[in-house]
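Visitor: These are the residues of each chain, in order.
Number of protein chains: 2
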Amino acid sequence: MKELPQEWDEEFDVVVIGSGFAGLAAAIEARYAGASVSILEKMKYCGGNSLISDGLVAAACSVFQRKHKIQDSPELMQDDMVKAGLGLNHPDLVRTLAEKSKEALQWSMDCIGVEYLDRVDQLGGHSVPRTLTVKGHSSFHTGAFLFRKMMGVVKRLGIEVRTQMYLEKLLKDENGGIRGVQIRQGYVFPESESGTVTFLQVKKGVVLATGGFSSDVDFRSTQDPRLTADVESTNRKAATAEALIEALRIGATPLQLSWIQLGPWASPDEKGSGVGSSFASVSTFPYGIIIAPKTGRRFVKESADRKIRADAILKTGRPSIGITDARGAKPGKHMLDRCLKKKVLKAFHNLEDLSGFYKIPSEELQNTIKKFNSYVKNKRDMEFGKTILTDAQPLIHPPFYAIRLWPKVHHTMGGIQINKNAQVIGLNKQPIKQLYAAGEVTGGIHGACRLGSCAIIDCLVFGRIAGMNAAL
Amino acid sequence: MKELPQEWDEEFDVVVIGSGFAGLAAAIEARYAGASVSILEKMKYCGGNSLISDGLVAAACSVFQRKHKIQDSPELMQDDMVKAGLGLNHPDLVRTLAEKSKEALQWSMDCIGVEYLDRVDQLGGHSVPRTLTVKGHSSFHTGAFLFRKMMGVVKRLGIEVRTQMYLEKLLKDENGGIRGVQIRQGYVFPESESGTVTFLQVKKGVVLATGGFSSDVDFRSTQDPRLTADVESTNRKAATAEALIEALRIGATPLQLSWIQLGPWASPDEKGSGVGSSFASVSTFPYGIIIAPKTGRRFVKESADRKIRADAILKTGRPSIGITDARGAKPGKHMLDRCLKKKVLKAFHNLEDLSGFYKIPSEELQNTIKKFNSYVKNKRDMEFGKTILTDAQPLIHPPFYAIRLWPKVHHTMGGIQINKNAQVIGLNKQPIKQLYAAGEVTGGIHGACRLGSCAIIDCLVFGRIAGMNAAL
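In order, the protein sequence lines correspond to chains P and V. First residue of the first sequence? That's -19 in the working numbering, and the numbers climb one at a time after it. First residue of the second sequence? That's -19 in the working numbering, and the numbers climb one at a time after it.
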């Protein structure tokens, strides 16, 4: 049709849009299959959100589980994901992920050279320990180490990586198949008119691996109007929806776009995920309480799932205060100094000072804590049903540590529809020829709620499938 | 572009697709504004789901509320809708609905000639009584009376209504505005190739009023994979997604498509909504219990919202059994004979017979009921927190009435994005010129969950707006 150029500027067998885990996995597999491959990244630097990922990788029946004598199965992993996803997961996609997770993990070690800590963790929502941690030099963002290893392989294989290349159009021929891409070369985010237009012909396939849209205020607030610019994101700025929108424009089927995950453990007093969030996850939520500063009262079960907690905090209209004491702070003690230095966490000698600082009605707060302490003693929360851990103790030992909490947009579960071959499905229910997708730009794998440590493995499994099939 | 025909077969100022409440309201207003109007209905008969609607109409500050001294406000109605919608409602749309509800109600009386019962009901989720019931000859489906009155006005105004006219394409010109429609005339549902193609030029606007997609197994199960063909719908067969998909194809923005409402009060032993559902709503759920036949145990708070109950029943994997006794059946006694005759409800002299019939472990059921009866006596459900009504009594008086329950797809909250002028919003965030939409085909008004009695008023308010603006 009209959109195809008179002449192409260049041609490749496979073009991969996006340079995070999914894109790199796709490019590597396509190259192994003998295709000429180009990776296009819209930003000046590669990696997207993968660079700031926590490096946690879930896999069923891994060698690590075998070594640690942990019984697991793809079926159990699938069940866990479907339970968290409230049954909205596309069965064939989640099954594929669970079945191929072991192989993808092994691939990351054997072919990419990643190392993992000799430890298998059981994260919330997983029935057994099955989460591995990429080995790195620091305990934060170890996903960057996985990224660097993958980038090393990309370079070794001679795959071309170009930055500041913005996907403006997916170009269809008269039969509806993708024949190429219209790119703005020299693009400067977020200026949509920057750079110059170039046309790349694609002989075998395009892989969309452009990530989610957590940082796209317009698009996300259309799907969930609560998520205005007042709500921050744990994602990098570049996590926007242009490529997803372009896929919709050419007829890809949208899927579950309004399921957007918020992190309830986020603080407005630091950027991104941050160390305060980590402290809140291991200390404040499990051992302390969350109150509304206006009333001084609790309003949500602190052990409820991410969605329930985040929704409840948002509903109060302003940041909540999470409070724990010296004993409750122990599980997060290695982060304590950094939190205090960053001022995301504040220490108070007594509850009066804490109330005064946050303008909380002091008597109400005292009363709230007195009640909570009695629940801890009786091992039963009579108000909100919070799980009282066996080692939980009443909040009486100063210093009291307080953190402001306001949810941040963390992950977009929805996206475009793919099948288990990573082919993008059109509105006519048929695959769009030569178009593949993997990672957060796709929908249906995680359903209503993504379990922790299932994002990287999603990128690896479906990125590889997309790359292999795009090269056919 | 290519899609426009060499020659048009006919021309109109305004073409309305769909002949339910929203479509008729739009057609009437467009005609009042002086436009030539054609209503196109894909089925042999007009009315769609509006014909089987319950005729309940919510409005804030109606003359009826004034007469009955009920304090209300558009803000309160908006708050109620947003609360039910979990905050996902588009604020400008829900505000418009609440603000214009009084006027639309008045219009239905003054201009359409509808009469309402002199009674204002308070439905679940509404803070005050604000629901009116269309006066009819029977107490079921009184929406049909509203439909007939509207159809009378349509005829009186000389608006042309054509049936078996299937929207195949919305035709855009090179500037992206809608110039006409490609229709299959003589279409026989659901044969997509039936009828002959005709091209209607549209000089002012097209109004999409094609309803929801509750009966479209393919489309709904893409958005919510639980909703396979095994789940029935309360809707008519024609509630399918073709027109919505066509709107997406030409670049309309999809919105919250995966929020699909299930009716937990539905029985697999009757078609559609049915009388058994009505009985369950007023007797079984408020006064009785719901158990899983496999275990003989309760598994959900019977007074929870529609979504929680429906999700819980689906999760058990097979129809639940709702049980009440002679006293609990009283609120539904006027429906009792019809329910028993239709065999959707069954009466048992004792619990042994009931257990035997449904193959429920008898001792477990006895035990479940004994426990439940003790909660009723103590006015507190210690297991699931069910609201024990003040007039609730232990389940001890035979006959025991049992109904099989399995959710049915009832309403699709999502659809295409419109603004408060009922203009359809494209993926580029701009209105698509000359394209309007109203009613269930649109998304964002009801958010995650539509409150009862808010569907007809939605059709009237936005149907009118769409018709007025399409005629400009």
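Some hints here could point you the wrong way.
[What the hints assert, rightly or not] Listed next, the in silico DSSO-like pairs over lysine-lysine satisfying Cα-Cα at most 27 Å (straight line):
| hint | chain 1 | residue 1 | chain 2 | residue 2 |
| --- | --- | --- | --- | --- |
| 1 | V | Lys409 | P | Lys217 |
| 2 | P | Lys281 | V | Lys217 |
| 3 | P | Lys63 | V | Lys321 |
| 4 | V | Lys359 | V | Lys281 |
| 5 | V | Lys217 | P | Lys409 |
For the record, the hints were derived by calculation from the structure and aren't laboratory data.
Visitor: Can the restraint linking Lys281 of chain P and Lys217 of chain V be considered satisfied, given a maximum Cα separation of 27 Å?
Guide: Not OK: Lys281 of chain P and Lys217 of chain V at ~43 Å, beyond 27 Å, violated.
Visitor: CA of Lys217 of chain V to CA of Lys409 of chain P, is that 27 Å or under?
Guide: Answer holds: Lys217 of chain V to Lys409 of chain P is near 20 Å, not above 27 Å.
Visitor: Hinted pair, alpha-carbon criterion (27 Å max): Lys359 of chain V, Lys281 of chain V. Please report holds or violated.
Guide: holds (14 Å)
Visitor: Tell me if the straight-line CA distance from Lys63 of chain P to Lys321 of chain V falls inside 27 Å.
Guide: Not OK: Lys63 of chain P and Lys321 of chain V at ~40 Å, beyond 27 Å, violated.
Visitor: Does Lys217 of chain P lie within 27 Å of Lys409 of chain V when you go C-alpha to C-alpha?
Guide: holds (20 Å)
Figure legend: structure checked against the earlier numbered hints; hints not met, in rising order: 2 and 3.
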